[in-house]
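Colleague: The chain contents come next:
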Amino acid sequence: MVDLVESVDSDLVSPESNPTCPFPDEVLEPVLSLINSHKDRSSVSLVCKDWYNAERWSRRHVFIGNCYSVSPEIVVGRFPKIKSVTLKGKPRFSDFNLVPEDWGADVYPWLSVLAKAYPFLEELRLKRMAVSDESLEFLAMNFPEFRALSLLSCDGFSTNGLKAIATHCRNLTELDIQENGIDDLGGDWLSCFPESLTSLQVLNFASLNSEVNFNDLEKLVTRCKSLRVLKVNRNINLDQLQKLLLRAPQLTELGTGTFTQDLVTRPVADLEASFGNCKNLLTLSGLWDTNSLYLPVIYPACASITFLNLSCAALRSFELAMLLMHCKSLRRLWVLDTVGDMGLEAVGSWCPLLEELRVFPADPFEQEEVAGVTESGFVAVSRGCPKLHYVLYFCHQMTNAAVATVVQNCPDFTHFRLCIMNLGQPDYLTNEPMDEAFGAVVRTCPKLQRLAVSGLLTDLTFEYIGKYAKNLEILSVAFAGSSDLGLKYVLGGCPRLRKLEIRDCPFGNAALLSGLTKYESMRSLWMSACNLTLNGCRVLAKEMPRLNVEVMKDEDSEDSQAHKVYIYRTVAGPRRDAPPFVLTL
Amino acid sequence: MDQKKSTLDLFHDLDLATELRLGLPGSNDQPEIIKTSLSGNKRSSSEMGSSTCTDEQESRFSPPTKEQVVGWPPVRSYRKNILQVKKTDSDTGSGMYVKVSMDGAPYLRKLDLKMYKSYEELMKGLQVMFKCIIGLYSEREGYNGSQHVPTYEDKDGDWMLVGDVPWDMFISSCKRLRIMKSCEARGLGDCV
Chain A
1 MVDLVESVDS DLVSPESNPT CPFPDEVLEP VLSLINSHKD RSSVSLVCKD WYNAERWSRR
61 HVFIGNCYSV SPEIVVGRFP KIKSVTLKGK PRFSDFNLVP EDWGADVYPW LSVLAKAYPF
121 LEELRLKRMA VSDESLEFLA MNFPEFRALS LLSCDGFSTN GLKAIATHCR NLTELDIQEN
181 GIDDLGGDWL SCFPESLTSL QVLNFASLNS EVNFNDLEKL VTRCKSLRVL KVNRNINLDQ
241 LQKLLLRAPQ LTELGTGTFT QDLVTRPVAD LEASFGNCKN LLTLSGLWDT NSLYLPVIYP
301 ACASITFLNL SCAALRSFEL AMLLMHCKSL RRLWVLDTVG DMGLEAVGSW CPLLEELRVF
361 PADPFEQEEV AGVTESGFVA VSRGCPKLHY VLYFCHQMTN AAVATVVQNC PDFTHFRLCI
421 MNLGQPDYLT NEPMDEAFGA VVRTCPKLQR LAVSGLLTDL TFEYIGKYAK NLEILSVAFA
481 GSSDLGLKYV LGGCPRLRKL EIRDCPFGNA ALLSGLTKYE SMRSLWMSAC NLTLNGCRVL
541 AKEMPRLNVE VMKDEDSEDS QAHKVYIYRT VAGPRRDAPP FVLTL
Chain B
1 MDQKKSTLDL FHDLDLATEL RLGLPGSNDQ PEIIKTSLSG NKRSSSEMGS STCTDEQESR
61 FSPPTKEQVV GWPPVRSYRK NILQVKKTDS DTGSGMYVKV SMDGAPYLRK LDLKMYKSYE
121 ELMKGLQVMF KCIIGLYSER EGYNGSQHVP TYEDKDGDWM LVGDVPWDMF ISSCKRLRIM
181 KSCEARGLGD CV
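These protein sequence lines map, in sequence, to chains A and B. Numbering of the first sequence is given in full-length UniProt numbering, commencing with residue 1 and proceeding in unit increments. Numbering of the second sequence is given in full-length UniProt numbering, commencing with residue 1 and proceeding in unit increments.
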């Protein structure tokens with residue numbers, strides 16, 4: 001992790017090198033090259049000066065969790081031989097429109113530094129970065145060995161940028177475009193891949209709306225014999241999908257297009273046979289608009305599937321049940337809440353190996369009481385899936401007792417994200433706050449790393465969290481708590497807390513300042529629509545110079561209110577590209 | 001410890017809206033409520049009180065109702081767009097099926113409203129399906145000259161006479177159809 005650069009520099013790098021370190025570099029570097037986890041590498045670099053140096057020369061991949069925590073110059077200065085960079089930018093709440101446009105996280109300044117230091121860079125993975133077409137063009141033209149591009153939740157570019165990548169990256173193995181704010185000007189970018197390009201292994205354009213030229217796609221798939229991941233967009237119909245499957249039976253991950261059609265030009269059995277031919281399928285997604293008639297064609301491929309993403313298919317309970325009967329190996333399942341509690345009962349019955357479940361709302365903004373899933377579906381899954389350790393659950397009602405039962409059945413939770421969509425909703429049976437639910441979670445699940453809370457919550461929830469959640473790293477809080485105590489409890493406990501994001505809670509300056517010494521051990525803190533004032537933030541900024549305390553000004557609010565605050569540790573100082581509405585204190 | 005002291009000193013200089021309570025956490029008496037974070041926040045206008053709050057909770061921090069809050073529920077824009085596209089996209093042939101009941105008939109039928117382009121076509125379809133005759137529609141008198149009157153339930157749950165609103169508005173708000181007997185329907189056309 002690059003965040004620890006400064007502590008290493010000041011604490012451990014002494015003028016005299018450690019005389020007792022017995023391993024010469026020629027031994028140390030090859031050994032270290034086998035270590036890939038950036039956390040392990042961070043630990044290695046802290047051992048002594050020789051190990052620090054050996055580690056920095058042998059590192060090939062650098063992960064930067066907050067692009068403003070370090071400058072590109074510092075990164076390239078420390079690591080001379082990087083082949084792969086992962087960069088994350090905006091705070092997570094930007095996914096929900098809480099961060100204004102033009103906030104920052106522009107990748108271009110990074111690219112211009114990387115081009116000089118790492119001309120042979122091969123991989124770039126960006127999350128929540130601002131990426132322009134110019135940046136993509138720069139990338140395509142300045143890195144001759146470039147192979148893998150992954151863009152997740154980025155924005156600012158159009159399909160023209162993709163054209164540049166497709167045209168100029170001769171060795172491209174991966175193009176993974178997910179959930180971005182992209183200006184979709186047409187599907188002709190796909191036709192820009194030259195005939196000579198045969199190296200593609202991963203192609204994901206599921207989230208693009210425009211139609212690509214199918215002939216060109218078919219030819220591309222045919223000539224890229226190593227293609228293992230193919231996720232097409234909704235415009236690809238069943239007939240076309242069948243042709244693609246014929247060309248690429250070796251796929252391990254498939255994202256289909258629209259999975260229904262009016263005019264049946266080929267018997268369903270043919271399509272079923274094509275799926276039967278895909279013996280290596282591990283992941284299946286897409287399946288837009290599928291129904292009882294077409295869903296069964298995937299059954300022959302289901303035995304090997306470990307990850308089924310049905311979050312674009314509004315299945316009903318019996319359709320899901322029928323499907324799951326064929327999915328013996330399922331480990332991860334994403335569904336829409338159209339499957340209802342009955343669908344979740346089927347999950348509990350048929351998926352004993354399930355480790356991850358995500359239930360998304362089909363109609364999150366529908367005002368009428370829509371059917372969805374309730375606490376009983378949640379409990380049903382927990383009964384049948386004891387290995388469940390990751391859950392994301394959107395519902396309209398929940399009870400404390402149900403959550404307590406769930407965690408009793410599944411004590412190994414590492415990620416527990418519960419979203420009761422009605423704001424401030426208490427336990428609907430007892431009318432009490434949902435404090436005891438989350439108390440049960442943190443008490444029963446010692447491995448808990450990530451928690452998102454919801455419903456009517458008092459400070460008691462946070463007292464529980466601060467007291468029991470020893471391994472908690474990420475906490476998301478919205479519309480909860482009764483007073484400063486809530487935040488104080490969390491900041492006073494949770495020794496491993498790295499990311500804290502809070503919106504619309506009654507936490508004020510006293511609470512913020514109670515965490516003074518904690519923020520340097522965290523990646524970031526986001527607080528919006530709480531009770532912070534500019535003065536409170538100024539005090540924090542003054543006491544902790546190695547933090548950037550950024551306040552986003554809302555035109556309408558009074559001057560003393562700190563409406564949106566983003567605090568993060570950094571060795572790069574205040575950012576120089578802050579837009580006018582971001583005040584660094 | 002020294003750091004803590006100096007921070008506490010700083011508190012005196014600040015304009016703090018908070019108040020520290022000396023009470024057991026989680027106790028039931030009403031906590032002193034800090035001015036809500038939503039006041040002065042134009043973006044998410046706060047409508048105090050939601051139907052899910054009890055009287056005791058009314059005076060607490062009352063969150064606004066769902067539809068007025070930016071970024072809630074926390075569903076990514078990408079996911080919102082998928083579902084919306086799904087709802088309005090009729091090219092994939094998903095149809096717009098509504099239940100149709102006829103007074104006196106033993107079971108209900110289902111009808112795809114997208115198959116019809118006008119009220120005239122719909123009436124023809126209904127007449128064929130139920131082997132009945134529906135009268136002619138007039139704005140003033142509703143349906144005259146037959147034993148059956150077509151009505152529909154709209155988004156608000158109200159039962160309306162078919163034909164008053166433009167066709168497009170009708171198909172987007174129609175949730176189900178009911179063919180009533182004329183004698184029962186009298187009075188529907190008189191509703192304001």
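Just to be clear, a hint being listed does not mean it is correct.
Claimed, not checked - If you anchor each label on the Cβ, the simulated ranges turn out as follows:
no., chain 1, residue 1, chain 2, residue 2, range
1, A, Q261, B, K117, 20 to 26 Å
2, B, G157, A, G492, 34 to 40 Å
3, A, Q261, B, V128, 33 to 39 Å
As the list claims (entries may be wrong) - Some but not every residue of chain B turned toward chain A, in silico, with C-beta under 8 Å:
no., residue
4, P74
5, V75
6, Y78
7, R79
8, G125
9, V128
10, F170
Worth flagging that the hints you see were computed from the coordinates, not collected in a lab. All residues carry an ideal CB built from backbone N, CA and C; glycine is no exception.
Colleague: Given P74(B) as an interface hint, is its Cβ closer than 8 Å to any Cβ of chain A?
Modeller: Holds. Min distance 5 Å.
Colleague: Checking hints one by one. Is Y78(B) an interface residue toward chain A, by the C-beta closer than 8 Å rule?
Modeller: holds, 4 Å
Colleague: Holds or violated: is there a CB of chain A closer than 8 Å to the CB of G125(B)?
Modeller: Status violated, d = 19 Å.
Colleague: Is the interface hint satisfied for F170(B)? The criterion is a beta-carbon contact with chain A at less than 8 Å.
Modeller: violated, 19 Å
Colleague: If I claimed the Cβ atoms of Q261(A) and V128(B) lie 33 to 39 Å apart, would that claim hold in this structure?
Modeller: At 27 Å between Cβs, range violated.
Colleague: Please verify that hint: V75(B), Cβ, nearest Cβ of chain A, below 8 Å or not.
Modeller: Hint on V75(B): holds, closest Cβ of chain A at ~5 Å, below 8 Å.
Colleague: Hint check: is the beta carbon of R79(B) less than 8 Å from a beta carbon of chain A?
Modeller: This interface hint holds because 6 Å falls under the 8 Å limit.
Colleague: Lying within 20 to 26 Å: is that true of the beta-carbon distance Q261(A) to K117(B)?
Modeller: holds, 23 Å
Colleague: Does the nearest C-beta of chain A fall within a distance shorter than 8 Å of the C-beta of V128(B)?
Modeller: The hint is violated - V128(B) has no Cβ within 8 Å of chain A, the shortest such distance being about 22 Å.
Colleague: Assuming the hint says 34 to 40 Å, is it satisfied by the Cβ distance from G157(B) to G492(A) or not?
Modeller: violated, 50 Å
The structure fails hints 2, 3, 8, 9, 10 (numbered hints given earlier, in ascending order).
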